[in-house]
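Protein chains in written order, with numbering that gives the first Met the number 0: chain A, 0 to 925; chain B, 0 to 925.
It should be emphasised that the hints constitute simulated quantities derived from the structure, not laboratory data. Computed from a predicted model, the values in this text were never measured in an experiment. By construction, the Cβ of each residue, glycine as well, lies at the ideal position given by its N, Cα and C atoms. Take these hints with a grain of salt, some might be off.
Stated by the list, open to error - Quick list of in silico lysine-lysine cross-link-like pairs, DSS-like style, CA-CA up to 30 Å: (1) Lys-608(A) - Lys-843(B); (2) Lys-52(A) - Lys-623(B); (3) Lys-781(B) - Lys-791(B); (4) Lys-125(B) - Lys-810(A); (5) Lys-125(B) - Lys-206(B); (6) Lys-873(A) - Lys-60(B); (7) Lys-761(B) - Lys-924(A); (8) Lys-624(A) - Lys-791(B).
Said to hold, decoys possible - Simulated DEER-style distance windows between Cβ atoms: (9) Lys-174(A) - Glu-612(B): 43 to 51 Å; (10) Ala-708(B) - Lys-223(A): 56 to 64 Å; (11) Asn-639(B) - Lys-2(A): 47 to 55 Å; (12) Glu-56(B) - Glu-680(A): 52 to 60 Å; (13) Pro-189(A) - Ile-693(B): 50 to 58 Å; (14) Ile-690(A) - Ala-708(B): 48 to 56 Å.
There are 2 protein chains.
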Amino acid sequence: MAKKYVYFFHKGKTDGNAKMKHLLGGKGANLAEMCNIGLPVPGGFTITTEVCKIYYENNRKYPKELKGQIEEGLKKLEKALGKRFGDKNNPLLVSVRSGAAASMPGMMDTILNLGLNDEVVGGIIKLTNNPRFAWDSYRRFIQMFSDVAMGVDHHFFEHELEEIKRSLAKNKGVKGADLLVQEALNKIIPDTALSVNDLKELVSRYKKVYQKHKGSEFPQDPKKQLAGAIDAVFGSWNNARAIAYREINNIKGLIGTAVNVQAMVFGNMGEDSGTGVGFTRDPSIGDNKLYGEFLMNAQGEDVVAGIRTPLPIKNLKKENVEIYNQLLKIRLELERHYRDMQDFEFTIERGTLYMLQTRTGKRTAHAAVKIAVDMVREKLIDKKTAIMRIEPEQIDQLLHPMFEIEEEKKASIFSKSGLPASPGAAVGQAVFTAKDAENWKNEGKDVILCRLETSPEDIRGMNAACGILTARGGMTSHAAVVARGMGKCCVAGAGDITINENKKEMQAGNSSIKEGDWISLNGNKGIVYLEKIKLVPPKVSGPFDIILGWADEVRKLGVRANADTPLDAKAAVKFGAKGIGLCRTEHMFFQGARISTFRKMILAAPGVKTLREALEHEDDEIKKKNLQSQLQEPLKQYLNALSELLPLQREDFKGIFKELKGYPCTIRLLDPPLHEFLPHEEKGQKELADIMGISLNEIKATVESLKEANPMLGHRGCRLGITYPEITEIQAQAIIEAAIDVCSRGIKVKPEIMIPLVGNVKEFSLQKQIIIATIEKIKTKKKLKKLPFEIKIGTMIEVPRAAIVADEIAKVADFFSFGTNDLTQMGCGFSRDDAGKFLVDYVKLGIYENDPFQTIDEQGIGKLIKIACDLGRKARGNIKLGICGEHGGDPQSIKFCHEVGLNYVSCSPYRVPVARLAGAQAVLKN
Amino acid sequence: MAKKYVYFFHKGKTDGNAKMKHLLGGKGANLAEMCNIGLPVPGGFTITTEVCKIYYENNRKYPKELKGQIEEGLKKLEKALGKRFGDKNNPLLVSVRSGAAASMPGMMDTILNLGLNDEVVGGIIKLTNNPRFAWDSYRRFIQMFSDVAMGVDHHFFEHELEEIKRSLAKNKGVKGADLLVQEALNKIIPDTALSVNDLKELVSRYKKVYQKHKGSEFPQDPKKQLAGAIDAVFGSWNNARAIAYREINNIKGLIGTAVNVQAMVFGNMGEDSGTGVGFTRDPSIGDNKLYGEFLMNAQGEDVVAGIRTPLPIKNLKKENVEIYNQLLKIRLELERHYRDMQDFEFTIERGTLYMLQTRTGKRTAHAAVKIAVDMVREKLIDKKTAIMRIEPEQIDQLLHPMFEIEEEKKASIFSKSGLPASPGAAVGQAVFTAKDAENWKNEGKDVILCRLETSPEDIRGMNAACGILTARGGMTSHAAVVARGMGKCCVAGAGDITINENKKEMQAGNSSIKEGDWISLNGNKGIVYLEKIKLVPPKVSGPFDIILGWADEVRKLGVRANADTPLDAKAAVKFGAKGIGLCRTEHMFFQGARISTFRKMILAAPGVKTLREALEHEDDEIKKKNLQSQLQEPLKQYLNALSELLPLQREDFKGIFKELKGYPCTIRLLDPPLHEFLPHEEKGQKELADIMGISLNEIKATVESLKEANPMLGHRGCRLGITYPEITEIQAQAIIEAAIDVCSRGIKVKPEIMIPLVGNVKEFSLQKQIIIATIEKIKTKKKLKKLPFEIKIGTMIEVPRAAIVADEIAKVADFFSFGTNDLTQMGCGFSRDDAGKFLVDYVKLGIYENDPFQTIDEQGIGKLIKIACDLGRKARGNIKLGICGEHGGDPQSIKFCHEVGLNYVSCSPYRVPVARLAGAQAVLKN
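All chains, full assembly: derive it from the sequences and hints.
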């Protein structure tokens, strides 16, 4: 028997089911499933994703059996509905839609009303007694088919529509109608103002447009139309938009899209018809009630594209209570069946409800958490399922800052007509095109993307923006759906805003905003402010804490935070971190006036080094004395600067230890090369010269002498401590003295001193010796027999060599912390600052599955980590293993860390909840 | 029983032997051994190296038993010789010398004539009837003891000598005697012109100098003198000179120096006395005959320090035929006993011969090879011993270039009075201080160090120079011995040259040479030329070929060369390379006009990249067309430049293949980042702009856009081939077409294409695909069913990740070549360009035993290599493994390569013989 490529679905007569997503796509599988559970679905058939795969593998040719199977499906459908394709009396019209196994909303092409032609339009008029609807459908179909399937740009059609509207406006006596921008024209002459004759004229003009661009008449044969539409859908699988979407959303492993051919039902057959989108729960806040929007006398595309702003679903009760109740029932059936929140589309055709699709509903993180917790309470799912239901990446958005309340109160409002389309708050400079958003972002600017409405072409710009504002569209418009998926704040459909893309400005009332002006969005209320409002960290509680609590019960991996200040430490503990995995002491040196002291040390250091070396090589007593006297001044300056830094560092550590209340704190000694602390521009160097009271040339000479060809592989990390042992000494002293002080106040401390950039066990031992000697000195000074706390001395594993000789290092080090940023840089030989030039290509070509700086390269760097873990544990059974690179906050990398048996991950405070959840999921996935 | 710290030696009464080098030092063990075999050695005792160790470990304190054992040794010695320490009638005088297990000539301190004081000097006069000798010895002793043991600088004493000489000159009526430089003064009043009274006066003045500087009288108690001298010798073990010597000569694992206290014998007791240095064979050319120099009526130090130029040993026959015959006999006895060439010192005291020391003689590489081969023929040693006798590092000097004969014939001679102290030829700019030599070398200049005579303080400068020229001293002077050890050309004792260090110039006859003037040295003839003479490669043959032939029989490791041109390839084959292990194609791009073509390609490339990327992301047909038309121009320029390079590269490869005559040739595809090929200075950029006919700003913009933060980890290696596949294609095409062409001329070819900087197997596979596709294209074009030769496609292993995933790579790669330079950089996290700032410290502190860029870091990088070898062989049993980093020419690293079982090493052509020998030694050492 020939392979089955076409799966039929109709109430009671269905080939597929919900489990066949991979083959039928999400939409196709769910259409089949809805048929199976008895929901009212317009019949149709699905062409499988396998066809898409074969199509691309065979130079865009279909398997030969396909044509026959489609014919057969069509016949079955005609029979089931009692309509016929191309029949001028009882014509069958179909939609042709894409549908892959993963949802890619709006990414691929869709054609509606297929089957219409010059004859069939008459049949529709007869059947519906609604010539306006028929001609409107026909002109829409011509445009859509021409644009999507035949590549005639939609602008040519819109131009014709505009011309007709302009002449209507002239006829109406509108002044300056010739000069009106489209936007204004649409307000004066909305689509609904077009008469049947206007629409007829439009159809005629549209057909001419087609003829002009394609050199042949618009195809009248519905079967040819169908073949063209199927080509278009399969062809759209690999268009740039779809590829970009999959890239951004990290969608992989799909073989292609399916094509769903489904009988059309019409929401625009008059006031007893309508269309809508529903969610079985509120996708924004998670409330357990029917949620959605609808528009009477409209087609579904009107809602999704945001062309008209729809009404809340509760209003349907007034319009048609029976249908409303039917939806309430369907909502419960869907949830009982799918055990998850569903997002469905429906159409009412002359009083009859049709379900067009259902799928797992996208939701805000807030809603996801609440729904998961509620469903456990409702016994729909268990705790483990609840944990797995939350995308760790997504909950990050819960932790995004909100506005400072008092500041927000005082701020001037630009618009409050918008919908709260995606929660959170955003502050940025207004830009008016997606391209600008990308460009400005690349220059390091925060931007808000302001658009009339967004479309799939805007995806990259949306990704680049902090927040999104649209003047049109509802809660389920493209902008809203995508923004929620991205966890970005969005205010949609702010109807009082007029946007002028060309001039790059927008108006609301008397206010206007130009490109580059700062604005603020409140995505929870739908308000746009005319200024920059201060952001404050979010409060996390309720279901969020419950689900993280469940996660903590399951999780085996510890979670710590990377935090450099008492404030960070506080935030980390609040988010559930059980300690600090990386406290970067150099960040302390940048604060306020300290940088001057630190720079004083740096300016003296190279001289100290050079003279000390010269002394070592000198035997002549006279020359020796000479060198020694030359050394006095720089040495004094160097040591003085260090002693000035000592109390400052000590205070920092005290503050951190106090916040941690006995949780461990891994403190990394000075890491970056010294030149990073000096100004590289002449202006800054001049200022420094003035502050230091030395010449600009002297500063320049030091900067020059510290310059490195490859600073990433230069004089940094423990190499500094080897050259300048006093730096290690002072840092160790500050840590120990701070710990003793905090301990004496009855607060537990667990300091862990971490030596960076160790590649050779002897580097570690030399630095450890200094730390131990410093401890002994302090003990003597303070007359202590032993320290009143346990102290660990360990190392970063970030140099490949260190991973390879980890057994030797483990003999003397109490812990390892994998510095996966540097380990990736050195292990893969990529400079993070330069890899941009080729890494994008590398991920695109599949050389690396993911950007190895975002997700651990398990095959390579992961293998190095495994080697180091095995060697380390062999040499010291109880060695503590952690990770403090940025991968520590990446869910997929966390899964890896769990699998190799690390003791903990450390990540930025805001990623701590993500890590808590991802750690639990890692356990459950195994 | 107390530990034995003092070992006595005297004819027939000897505690030690030659095997006790570690404990007695080389000198002490051989003195004992000479006593044992009945040679006439002045008696004495050796204080062990263990004492030195204890001395440094115990804060410069001696073991308590030492004093008694020294007293006892002294008593024994007094008894054996019938002389007494401090006895004014029959006094014992001793020398106190250092002597470690490894020879460190002149590096540590020596004191002679110890035991002299105001009374003993009288006893010596009585005994010798030579007051001049007695007072001369006494004044020398005071200066030496004061300087070496008590830290009173010798300049103070020399000043007194000069003053006396100046007044003698005045008395003689020399005009302008007050203004004479020391040099001129010494010519007018040599030391021998001083009368007894002058010497007495000198002694008196010297004692005052001592009193002034030390605040006490010059010590008259011989035992106190002895204690001070022993202190001085042990103290000298860790002086800067000695440390530097051990550093430069890579001497490690010694516990300290021994101290030899030995009865003085005097070569300066009149014309029946003398002193000399002998070699059992000619250390310069290896001839099997007594070789050496002597001076009558002189002390040994006069010879070694080069103060007087000695006579060839054959002249001794005339002076004293008995002694001469005795030496001939001793020569044979020494060789029969030690089975190696010996270097010995002797003194004739009033007609009696004394052997002062013997040790394995340093020799030129030339001599080493000849002696080893001769000794096999003489059945003194076997072939394996002969192979082990040659220091691989040393034979490098045999391969140093000589002058082009015709050019040398025509060159103007500056001096031909010098001795051929160390063979070879050298060309460089004259400098007159060791410091200058170092500084100029650091600026990348070739220098010849010109000195009156050299001293241990000059070691670093000698190391920096290409060649060494001295005006004084013989074949065994410091300059000669050290230069031979270093394998550097040296002309010594060119007596007609006057050197003025202060003015930094020298004169010979009417010619003068100033600092910076170019000169040339012929170290085989002892000639100095006034100009730059062309150097040509050396001819290697005779015993050299024989011993390398023996080495080839033993060796298991293949030896290839790194060679980029037909000329290099020719040299490589001549030196015995069996193929090329690394042919760097980028070096070809720098030649002549090609760089312009290559730069044309580079200037177009980034535009091609950017536009191609934009095209990939563009769906809009109109914009697409627009981009495509924008792409035309840069693409044309880019492809045109590449096609211009194709025939040039093809010719290069043809030339190389022809030279190799069927030996394999590993060709590496383009490796360095593109910015390396562009000028970075504005001047060069302007020139380029003119050549290219574009604006300077455009050049600057490209340079800027190619700039990298860490170029070592940047867009280079196969990453270029991934971004610009056409570069890989053109290079592959050039290789294949050249191979087909050469093959068609009946010459075998074995091309191996090597893809650089692979870190991920997919990089390799993508590049391999391009190469395979190129081969297929060529086969189609040339109508070939298969290529007429075998081709291998393999990769460098130089990124740590590649080593870790070597099994995956081996599945698709035919060979691995370890790029240990980069593997060390990335594996250890050292940028070679920057590591200078800390790596010297690192080696000094013992963090790394050797500079890991010179000798493979076996514990770390070596482990990575082992991992890669094991994984590679597991995946592909017959995988070919080689090394092409600079370590491929380092003997210790070659030993490692043998041990991990590499198939071959590849090194620079001149290192090929070194590698052949080191490879054989690696087998014999196991």
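Now for the hints, and whether the structure bears them out:
1. For the hint linking Lys-608(A) to Lys-843(B), the alpha-carbon distance of about 14 Å falls within 30 Å, and the restraint holds.
2. Of the supplied pair hints, the one linking Lys-52(A) and Lys-623(B) holds, its CA atoms being roughly 26 Å apart against a limit of 30 Å.
3. Only pairs whose Cα atoms come within 30 Å are accepted, and Lys-781(B) paired with Lys-791(B) is accepted, the gap being roughly 20 Å.
4. Simply put, Lys-125(B) and Lys-810(A) have alpha-carbon atoms about 70 Å apart, too far for the 30 Å limit, and the pair is violated.
5. For the hint linking Lys-125(B) to Lys-206(B), the alpha-carbon distance of about 22 Å falls within 30 Å, and the restraint holds.
6. Taking the CA atoms of Lys-873(A) and Lys-60(B), the gap is about 43 Å. The hint is violated against a cut of 30 Å.
7. Distance restraint check for Lys-761(B) and Lys-924(A): the Cα-Cα separation of roughly 28 Å lies within the 30 Å cut-off, and the hinted pair is therefore satisfied.
8. Straight-line distance between C-alpha atoms of Lys-624(A) and Lys-791(B) comes to about 64 Å, which puts the hinted pair past the 30 Å bound.
9. Look at Lys-174(A) against Glu-612(B): about 48 Å separates their beta carbons, and that is inside 43 to 51 Å.
10. Remark: the range hint 56 to 64 Å for Ala-708(B) to Lys-223(A) is upheld by a beta-carbon distance near 57 Å.
11. Between Asn-639(B) and Lys-2(A), the C-beta spacing of about 50 Å keeps the proposed range 47 to 55 Å intact.
12. For the pair Glu-56(B) and Glu-680(A), the supplied restraint of 52 to 60 Å holds, since their beta-carbon distance comes to about 53 Å.
13. For Pro-189(A) and Ile-693(B), the hinted distance range of 50 to 58 Å is satisfied, since their beta carbons lie about 55 Å from each other.
14. As the Cβ distance of Ile-690(A) to Ala-708(B) is approximately 28 Å, the hint placing it in 48 to 56 Å is violated.
Going down the numbered hints, you'll see the structure goes against 4, 6, 8 and 14, while the others check out.
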